[in-house]
Every structure is written in C-alpha cells, then in structure tokens.
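S.K.: As given, the protein sequences belong to chains A, B, C and D, one line each in that order.
If you read the first sequence in the numbering used here, its first letter stands for residue 68, the second for the next number, and so on.
If you read the second sequence in the numbering used here, its first letter stands for residue 68, the second for the next number, and so on.
If you read the third sequence in the numbering used here, its first letter stands for residue 355, the second for the next number, and so on.
If you read the fourth sequence in the numbering used here, its first letter stands for residue 355, the second for the next number, and so on.
Think of the hints as simulated: they come from the structure by calculation, not from any bench.
Bear in mind that the values here come from a model prediction, so they are computed numbers and not experimental data.
Where is the CB? At the ideal position from N, CA and C, for every residue including glycine.
Worth double-checking, as some hints may not be accurate.
[As the list claims (entries may be wrong)] Label pairs and their calculated CB-CB ranges: (1) V610/C with D254/A: 42 to 50 Å; (2) P461/C with G375/B: 51 to 59 Å; (3) A318/A with T410/B: 32 to 40 Å; (4) D254/B with E310/A: 21 to 29 Å; (5) V664/D with G375/B: 24 to 32 Å; (6) G128/B with P139/A: 51 to 59 Å; (7) A653/D with D111/B: 54 to 62 Å; (8) G539/C with P461/D: 50 to 58 Å; (9) R267/B with A545/D: 35 to 43 Å; (10) A545/D with G539/C: 28 to 36 Å; (11) Y414/A with T410/B: 24 to 32 Å; (12) I286/B with M656/D: 43 to 51 Å; (13) V664/D with Q413/B: 25 to 33 Å; (14) P461/C with E140/A: 43 to 51 Å.
[Stated by the list, open to error] Here are the simulated BS3-like cross-link-like pairs (lysine-lysine), alpha carbons at most 25 Å apart as the crow flies: (15) K136/A with K408/D; (16) K199/A with K408/D; (17) K374/B with K341/A; (18) K487/C with K199/B; (19) K109/B with K374/A; (20) K487/C with K109/B; (21) K487/D with K109/A; (22) K136/B with K487/C.
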Amino acid sequence: MTAADTAAPKRAARTPRKARDRVRKVAFTRALNDALDLAMSKHDEMFVIGEDIAEMGGDFGVTKGLLAKYGPERVRDTPLSEAAIIGTCAGAAMVGMRPVAEIMFADFIAECYDQVVNNVAKMHYMFDGQFKAPLVIRTACGGGFGGGPHHSQSVEGWFLNVPGIVIVAPSNPVDAKGLLLASIDSDDPVLFLEHKALYRSRAEVPPEYYTTPLGQAAIAREGSDVTVVAAMRMVPMALEAAEEAADAGVAVEVVDLRTIRPYDAETVLASAAKTGRVVVANEAPKIGGLGAELSARISEECFSDLKGPVVRVDGLDTPIPFSVPLEDVVLPDAQDIAAAVSTAAQY
Amino acid sequence: MTAADTAAPKRAARTPRKARDRVRKVAFTRALNDALDLAMSKHDEMFVIGEDIAEMGGDFGVTKGLLAKYGPERVRDTPLSEAAIIGTCAGAAMVGMRPVAEIMFADFIAECYDQVVNNVAKMHYMFDGQFKAPLVIRTACGGGFGGGPHHSQSVEGWFLNVPGIVIVAPSNPVDAKGLLLASIDSDDPVLFLEHKALYRSRAEVPPEYYTTPLGQAAIAREGSDVTVVAAMRMVPMALEAAEEAADAGVAVEVVDLRTIRPYDAETVLASAAKTGRVVVANEAPKIGGLGAELSARISEECFSDLKGPVVRVDGLDTPIPFSVPLEDVVLPDAQDIAAAVSTAAQY
Amino acid sequence: MDTSTLTGLYRDMWLIRAFEQGLEREFEKGNVPGMLHTGLGQEATQAALAWHLKATDAFFPDHRCHGINALAQHRHGGDGERVMAELFGKATGVCSGKGGSLHSADPAVGNFGDNAVEGSYMATVLGVALAAKMRGQPNVACAIIGDGTVGRGEFHESLNMAAIWDLPVLYACVNNGYAISMPVGEGHASADIVDMVQGYGFESRQLDGNDIVEAWTVVGEAVEHIRSGAGPYFLEFKTWRWQGIFAGEFRPEAEVKYWKEERDPIMLAGEALAGRGVDQAELDAIERETTDLIEEWIAFAMESPAPDPVKATADVYVGWEVDSR
Amino acid sequence: MDTSTLTGLYRDMWLIRAFEQGLEREFEKGNVPGMLHTGLGQEATQAALAWHLKATDAFFPDHRCHGINALAQHRHGGDGERVMAELFGKATGVCSGKGGSLHSADPAVGNFGDNAVEGSYMATVLGVALAAKMRGQPNVACAIIGDGTVGRGEFHESLNMAAIWDLPVLYACVNNGYAISMPVGEGHASADIVDMVQGYGFESRQLDGNDIVEAWTVVGEAVEHIRSGAGPYFLEFKTWRWQGIFAGEFRPEAEVKYWKEERDPIMLAGEALAGRGVDQAELDAIERETTDLIEEWIAFAMESPAPDPVKATADVYVGWEVDSR
Ligand SMILES: Cc1ncc(C[n+]2csc(CCOP(=O)(O)OP(=O)(O)O)c2C)c(N)n1
Ligand SMILES: Cc1ncc(C[n+]2csc(CCOP(=O)(O)OP(=O)(O)O)c2C)c(N)n1
Ligand SMILES: [Mg+2]
Ligand SMILES: [Mg+2]
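Could you build all of it, start to finish, from the sequences and the hints given here?
M.R.: Next up, the structure:
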C-alpha cells in the first residue's frame, strides 16, 4: 500500500512547528470550511454540491461563505435527490471536475448507495483506468445527540467491503482540514466522515494550506503497555481512557486510523506487536464492523506477539434509539474503553 | 442467541432418514421453487413479487409455475423499481402479509439499500415492537460466470454491520429448501442469498414441507485437525479441499454457516476450539468481509485454543472483472482453500 | 360544512397549535431532545386529513405531523399524551421513547410511523395499500409528504406503481414553499407539484391548505374516491410553515408577514365561525381548553420515567436476543 | 436527407446488424462469455444517434449498444475491432476485457460506458452535462435507456435535475415495448413514455425508431437544440427488439412477424434507397463489405490474447496498489 499523497510529511500535519505562532483555536467545522475555501481557490475544477449548502451554508455550517465567494455555479444547492447528487459528481469527475458533495446525514447515503458502490467505486477499475472519480462525499455521521435511528448511524461498515472507495475519518480539527484537502487532491473517490460530536471540538489549526496524507494512521498518544486503535469520536474517548489508565500505571498507545479504507496496517500492526495488548474501539455495532476487520488482522498477523485476545469495544447490535438514556446504553464511551484497557492490561 | 424456529430438528434437515425412500435428485433452483410453492399453500398472506417472476418464472426459473397456480394477485411482476419492490414488501409486512421479493441480481440491492437498512431492518426496533417485517428478499449473488462487475458480487458484506436483518446463505439444495421455508415462516426480515454457481447443483431433496432452522450452522464434514468455516459456494469448495487434505492425512472439519447474520457462534467456536487450526473462506473481498468477523471472533474467543493464526481465504480487493481468466484470479477457489488448510495444518 | 363540523375542526386545529407551541417552548428549555420540526401554520391541512382518516386506514406522518398523530389518538380513542411523551423520549411514549419525533407510530390509531429518510415511505405506503386491496378492505393508505420529497426517486417509483396497480393511496403533498432553504420552484421542474404528477394518469388536485373548509371538503372527496376502489389520488396542499430554517428565517419579510397575519388557518376559521354567529367566548374557550389539555400532556411527559434500559436491546429481532453491555 | 447520407446510414445500420449477428453466432458457439443482449431490429435508432454525436460529446450506451459503440469508433477514428474484442474479454478490448458487454467505454470516441445497473447513468449523465455547461462547451451528454429504465427512481431524479439546471442532456429512450417480459404499458403509467415526462417541462418527442429518415432528422434537431444551450431534450424511439426474452419468445406471433417482416429498419431503408434509384448491387455490396469487416473483427477478437493476469488487480485505486494472490 502506497500513500496517495506522499508530498505531505508523515504525521507532521498535526501541529506543524513553524506554524505555531500563527495558530488559532478553531472548531472542527471551521477547519473544514477553511479546507473547502482553500481547495476551491486552488482547484478551478472543484465545485461543492448538496442540500442547503449554498445560502444556508449546510446543516452544520461547513460550507458557510462559499456561495458569496465562489458563486452559485460552484456552490450548488440541490433538491432531495441523493442519487442524482452523487451521480452528478460521478459524471463531472469523469470529465475531470473535482466535485465535493455534502450528504446532510450519513444515514442518507443509503439513498445513493448504488451510485457509490456500483458506479463511483468501480469506475476506475471496470473501465480499465480510462476514467477517474476524484470526488469527495462529505457527510455527518455518528450518534450521541438524540438524533434517533436515521440521524445517528456510523456508516463506515456499509462500505468496508467495497474496494475502490477511500474512507477518511478524522478525529480532530487539524486532521480534518489536512485530510479534507488531501481528499480533494486525491484522484480516488473519498467518503469523508465527519462525526457530529466532533463538530464543536476546537484546536489550533494552521491557517495555511496543508495536506495530511491519506492512508496513514497517527500515533495520537505513545505508550508501551496497551494499544487502542480508534477513529473519529473514539479517539478522544480513547485518549480519555488512556489518561485514566495512566493513573493506574498503564501506558496506553492510541492509534488514530484517520483513513479507514485502505487503512494503515503497518502502523496498527507495529503498535500491536510492540504492546502485545490491543483494544479496538468502534462506535458502530460489533458484528461486521470496523473493529472486526482490525481485530482479525491484528490477531492473524501479530499472533505470537499478542499476550491476550484483542478486546473489541463497540456499539450494541441495535439501531440507535431516540431516547438519550437508551442511546447511552447502546453507544460505547470512554468508560467502556477504559474497562477494555484494564482487561487487556491484565494479560 | 435463540433460534427463531426451534421446532425444526437441529441439522436433521440435511437428509431426513425417514424421507430417504421418497427422495429425488433435484436442482437447487427446483428446491427453492418447491419451497415457494409449499409456502404459498401454507401462508395465505404470502405473495411473491419482483421483475419477470410471473409468466417468465424469474431470471433463473425459481418462481416458475407459481403464476399458473396462485394467480397474478399473489405472483406479481413489477417494473424496474427495486426501492418500490422492497417498500411494497415492507408496507405489506407491516399489516401482516408475508411477501417474498426477488431482486434479480444481488448487485441491484444497492438500489433499495435504504429500504432494507433504514426501514426494514429497523422497523421492529424503532417502533418499539409494534410492527414486524416478516419479509424475504431472495436474490442471486456471487461470481464465476463472466457476469462482470454488476452481476457477480457477494453482497453479504454490505449488510453485516446492519442489526435487524437476517442473512441466510444456503450451500446445497436441501438446505436451500429448508432455509427458505424457515425464512418465510420467520417474523424477521431475511435477506436470502442464492449463489448462482449453486443453482444447478443437485441433491436428494425431500419433497415434503420441512424447515431448516435459521441461526444454526451445520457440520458439513467432521474432522479433528483443521476447521474450515464457509458459506454458500465456499462450502463445496471447502469439501473439495477437505478431500484433498484427507489424502495428505489431514482431517478437515467443514462448518457450513447457513445463516450469516446472526450467525451460530457456538458451533463455529466449538469447532475452532476442538481443532485449534482455522481457515475462514469467503468469496467477497477480504477487507471488512464476513471472514473478518469470523476471524476476529474466533481469534478473540479461542485465543488459547488456537495453535496458529486464523487463515483467511477471500476474494481479492477488487471489483469483479468481466474477463473469465481475470475473474479466476480474483475469486478464491478450492485450491486456495486447500493451500490455506495445509498452512493451518502445519501449526 | 355545518357549523358544528367547522367548530370541531377549529378545535382540532387549536389542539395542533397548542401542541406545537407547548412543544417548542419545552424544546427551547432543553426538555425535548434531538431535532424539532413543527406543524405550526399548517393546522388546516393536518386537521382535514386527520378528520377523514379512520383507525383502520393507515397514514405515514411526515416530520411536522405531531399534530396529526395527536389528533389520531384523540379521534380513535388513544392517548394523546403518549404522542407528547414520545417526543420527550419517555417510557410512556407511543414507541417507549425509541422513535421520537421522527419515528412515532401507533398502528392502533392508523399511525404507521414517520421515516426520517424523507420520501422512503413513498415506497412503503404501496405495500399497505396493496394488502388492503388484496384483502378487499376499503382502507386508504396515506403518505403525507413535504414538497421536498418530490426530489426523491421513490416519489416516482411510488406514483408509477400506484398507477399501474390502481392502489388505494392518498398522496398528501404539503407544499409549504420550501424544503429547508430550497424554494419549491427552484428544486423542482414546477413550483406546482400537481403539474409534475399528470403523467401518472390518476386524479390529482391542488388546493388551499390554509382554508379548512376547502381542505376538509377536498380531502373528503379524495378519500371517498379511493375507498370506492377508484385508485390513487394526489393532493397538493398549498400552505406555509411558520417555522423558518431551523432558528433562522431566510424567507422575505413580506412573505412571512402575509402568511402569519393574513393566512393563519386558525384565524381564518375563527373569522368564518364568527361570520356564522359563533361568539368569541366559545372560540376563546376552545383555545383555552386545548391549551390546558396540552399543558397536562406536557406535564405527563415531563413526569414520565425514562425508558427501562433493557429497552435498548429489545426488539432488534423477533427471533433472537442481542447482547447487552 | 440526401441519398449519400441515407446510403451512409444504410451502411451504418448494416454494420450494427452484422456486428450483432456475428456476435450472436459466436455467443452460441460459446466464444463470448457472460450474457448477451443485441440491438438487432433497433439499428435505425442507433445509427441516427451515432451519426449526430461527436467525439467530444458523451454518450452512455445501454445494454444493446454494441452497435453504437462500434460506430462511434468507426466515425471518430477508433478501432471497431476493440469493441468486439471487449465482448470476448480479450486484452485488446476497449477496457482490456475488464468491462465486457455491459461495461464497454472509450472516452476518446465519446463512449462513457454502460452501467449494468439499468438507470443508474441517468444520474451520472447529469454530471457530464453540468461540466460541459460550466465550462461553456457546446457538448451533448446523452443517456441511451430502455423503456424498462423508466421504472427507476433515478429516471425522475435525473429529469428533474436536468430541468432545473437546464442541462445539455439528450435522453434517448428506446421504447421497444418490453422490459424483459414486462410490456411497457403494464409496467408504467403510460405505454407512451413521452406522456410521463411532460411534467418536467422541457422538450420531448416520440418518433418512429425504425424509420431512419425520421430518426436521423429528429435526433439532428434535438442535438442542435441542446447544443444551442436550449436545455434538455427527451426522445422516445418507438421500436422493437428482435431478441426475445433470453432464448424464449413470449411476444405474440403476429407482433414478431410484423416487426421483423414489415418494420425491419434496414429493409425499409433499402426500399427507400431503391426508390431513389440506388441499385441492388450497391446495397448488396454494403451488406457484404460490412459483414466481411465484422468477420475480420471477430477473427481479431478470437486471436487476441486473454488479459495479463496483473490486470486483475490493476486500477482499483489510483493512489494504492491492492494485494494480488
Ligand atoms: C432523504 C433525505 N434527505 C435529506 C433529509 C434532510 N431533511 C430533513 S427535512 C428536509 C427538508 C424537507 O422539506 P419538505 O419536504 O418541503 O418539508 P418541510 O420541512 O418544508 O415541511 C431535509 C432536506 C432527509 N431527512 N432525508
Ligand atoms: C436496476 C436493474 N434492475 C434490473 C436489471 C435486470 N435487467 C437487465 S435488462 C432488464 C430489462 C430492461 O428493459 P428495457 O430497459 O426495456 O431494455 P430492453 O432490454 O428491452 O432493450 C432488466 C430488468 C438491471 N440490469 N438493473
Ligand atoms: Mg416544504
Ligand atoms: Mg425494452
């Protein structure tokens, strides 16, 4: 596996040192907005498209201000036609445009599943490389805010078994910006997952253009006793669990996948081999989720390094209920990760 | 996990002894056709629906003769409206009908993915048990006949991470009939996968009504050295590999999953614990496939029993190419399973 | 329409308004989780539909249909407060809090549940209608959809299938001019949705969704038509929602003023009743009674317990249990 | 239409017929893998479309469009034999054998590839059209679809979007009366598809798809209209396919006879040419020449090597390699 964008420095993007004095604390949504703005300046062939993204700036404000700056040709509101939105992106990408779609909630990707899976993901392959599909599908995923069964899903599991699609899943504002810029640069189609619970998280984000390479995980925290592999919202939760474990004398290494497909097996396996104790954290249901793939791969390839079985932390095998106390039961949290870490630490 | 239909004898359905003298060698398609016929006689509230299923009897002949016997009200041809087909089934099921849809090729389930994932799979849960969705979606899946990227996919991976849906995947005509009858009886929505390469396989199928319980794997072959877990077309391939291994003195146990979700972990883990050497065979791409879930679960729960890492045999991480020699490269075969078995046997 | 019917509808509209206003207040206080879309301004459309639908019919409410859901309880002997409690995510809700605003169902009163994927029950409604037809029941299956839903592919698949099979479907399209920020005429080939359904060849009609007399009369005719076995019917209610775009208001000020001040369906109905000699005191009493009732429902919802945690893993499958934590 | 144009179209139609007949023969011999849908009987529709589309336009061929694909090569300087070789799954095919009959593309000649999920490129075509519009290019994006595709939701999403954005899309709907076994009038609200697209408000027209003069003229007008920036155009070609339902034939015998014997587009064109004084020898020569050419293409395909196994894992991603076995 070779990184799509090798120009960007490995892992350096988290907080480039020389940018330090110019940094500002900005929200995840704002970091994404920055990225879109910078990318639209860079790529004339880029346009953004989706429901209520123009004047309204999107349901979560990520596309705010783009209409005023780039005009209605390049910032296009659509009707509720998810299949046509992705079809439009696919066709435009075939002739060299670089569309960025917003699907308001990830749950609605089900509406355009065919376009993504049968058209976008296969186009480059089935037509023997004659077309590329350099498009990005941004979408708001994840639970935790009482959104109910159709506004709360973690959908990466729907696409894990689909070759040809890249799944990007940032956990913090700095990566969000760098990964989105790298996704737009990429000649592969990217499903860009934005966890709603992260939208308000803030960090010092360099104002300039930078890319965070696709296909590369980051070590969000170094540690030698237990590895926690996570993505998106599970990363801050893993870091919280790691703090707690540190108090108990357990040094947790947190691997932030950043790209879910194709994922950075090298970094994951190196950490697993190093610690020999692994927790995989995943918000989606356990069966057939991202955690399954990671646990399988680690168990197979680090067989003799593992001191005990990989521990999976997942959502329960249910839809997401509306009622917040029920949702709390269903979704995993930092405490669940902490419990898994102590189980693993005892191996 | 409790079986939906505990009335049916565990595993006995493969060839009920007392039915022996009445058995006949019939094709997989015919066994399915039998099941539909018997079920329509049993359930007044059952109807079948899909494209070209009435007069034509379906693309593969599975619904042949039903129109003549049950009439156009209960055997309904539709336009190319996959979402409306599944929506119709969902709505009818809400009021107590028992629809059986045919989606001509499994690849086209992408067209009605939302209906399956967001509506059918969640209906019972999100409305607090007030509705059931006792419907069956039959569909022809799998590769190996030069069907190209949109007529050859193994789609179980698209639904593995979706709670609420049952995925049934027979490997032989006897199970096909019994599982289809159990699926129609079931009050849960079933995605019933019919591998095209199995359609012509023949076996002695009891002519009478019988059900093969959902959620229960079968031991297709007993053995003590290596376990191969498989479903659908991978089962006959695993049996072929087992024959070959037997010549080399390796006793292979083949576990036929039969139901992929929720799957029979008990049987799988018991076999894995017994042999300590496991191969998981799966036609779909490796990343995020059924093999990942099985490998993870076995690795986690049989950690100390395993003599070596689980070996995954999968399709390559590509769409399915049209050209047959290329398709042969992409899809796993009995030789690949045999190779994996000898790797595992050496642990 | 006789005066007692109009008075009844006036009361129904007030029930919707009081429900939504009370709910909005509690939402702002943080007592109602998730998202909230209200039916304020669309009371005439909703009351007209609720009036003609029986408990044996089936309706799929849209995201602004708390009012219809409550009226269905009211008319068919259920408990309106359970609709309220559902929105608060409480154990006493119609779905024990598992569905919430966008997934409230109660088949006992004909409420088949919203589906927050806009347009998806355009497909589901076909099956309910088909079952009624196959069983020879004179039931109506009604999909209440916003103008935004017209963009979805299922819109077409549904209308086409209902047409070829002559299904007893009532399509109630609530054209309030916008889908979030998208004006209906910019998102669709025509701002008049009825223009877009001519090709399906069944009955359709555009009507004033803020005039309760017109709405009640036309819905009655459409339901009769469907019940008689004459096939599907498409109604486009021209109306306007008081709720803007989430918190904000992107619509022209004059438009807002016009609809709120001149086209308020309750005000118009009140004027009509006054014209028929009903005195203001009676109208005020209706307002007070419905508002009081809603306050009781809110109190009920507030006091109700959260769902039992075991509900979190209940009813995923009929035939299997799933693991709890 | 002048006689030389008609003669050219006659030759084009013969190329399609010879292609499909040769292919059908080889398919029956087992030399062509997978499934096969031929365009026999629809040559006039296909030739008319191919004639007016430039290499800088884009067309999405349907499953019966081998003929258009071959003509596009022929007209725009490509290699027709590579279209044939693709169907044989050979290394020399337009997609190196990876796509086959249902996924043959060659953007150099404007062929944007079939998508075997019927109707899905109804959405894709929008993007090609939008790009042309944004770039100010006078290109046409054409989706060639069967009548069966009309059932799909994407049909509606596409027409609506093309309408609101005034996109340069040519919808070429080949109404051959059936989708597999489903008669067009039983699967759709109207047997005349043009009736169903009136609501989108752009130009549409039904025409005789077996009359090459009419088809060529109307397609020319529609393409001109689109190129001039006047927005989308929907054409419904009434025609009939010689291929039945797979091997079988469910259609009435008289219907089969009528279309094959009285409405054969090549026969009709031949008669028209004869009426204009073109002599039979010239027509026979066209038949012979195209048939000979196709036999060369078949020989080329047969002799071509299978794709290199490394192709199996090539081009899944642009930025990553995937594992081989
Ligand atoms: C398939 C789908 N796409 C997008 C959304 C997000 N969404 C929720 S309501 C809405 C607008 C609906 O507009 P309309 O149907 O006109 O109803 P209104 O709110 O105006 O009553 C949108 C886009 C959704 N719920 N489902
Ligand atoms: C979405 C989808 N559903 C079903 C099919 C299977 N299928 C292939 S061709 C066909 C019929 C198409 O009919 P029509 O569009 O009229 O084309 P014709 O074969 O008559 O030229 C069907 C149902 C498909 N390819 N895609
Ligand atoms: Mg609206
Ligand atoms: Mg047809």
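S.K.: Honestly, which of those hints from before does the structure not fit?
M.R.: 4, 8, 15 and 19
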